[in-house]
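Asker: Sequence:
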Amino acid sequence: MDSQSSGPGQAGAAQPGLVAGLGGMAKNALALLISRVELAACELGEARDNLARLLLVGALGVLALWLGAACWTALIVVLAWDALGWKILLLVAAFYTLLALAILRHARSMLERDKLSMPATLAELRGDRDALL
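Read in order, the letters of the sequence shown correspond to residues 1 to 133 in my numbering.
Read the hints as simulated data drawn from the structure, not as lab findings. Backbone N, C-alpha and C define an ideal beta-carbon position, used for all residues, glycine too. Careful: at least some of the hints might be erroneous.
Unchecked claim - In the EDC-like style, the derived pairs of lysine to aspartate or glutamate whose C-alpha atoms are separated by at most 20 Å in a straight line are: (1) 27 <-> 112; (2) 27 <-> 43; (3) 27 <-> 124.
Stated by the list, open to error - For each label pair, taking beta carbons as the anchor points, the in silico distance ranges come out as: (4) 17 <-> 120: 33 to 39 Å; (5) 45 <-> 91: 28 to 34 Å; (6) 80 <-> 104: 25 to 31 Å; (7) 120 <-> 83: 56 to 62 Å; (8) 56 <-> 120: 20 to 26 Å.
Model the full assembly from the supplied sequences, consistent with the hints where possible.
Answerer: Have a look at this one:
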């Protein structure tokens, strides 16, 4: 009779331990998820700020470039018109085309350096995935 009474008591003691263990795991998983969300939010804020700065600097640069290009173009065309005629317009157009290509290339290189990505968040999520799987 002792063995029968101790059997159900032991099974009852094992279940609260299992439930407590599962509850602890769920609590840890939730804490991990919250910390990852906080990290992602922090990095997303930084990426948003970097994007805003990039757009502002780009817009100011484009405006300054347009104003400067208009003034210099007018001066060069007026000074060279007697010597070259319409060919000066061709030279100016070729120059501005090459300049635009150089600017686009520079913008692409800025994006390739991953200034707008979230490397720490992605690395932590990869580490979590590897640890869980």
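Asker: Hint numbers the structure violates, sorted upward?
Answerer: 1, 2 and 5
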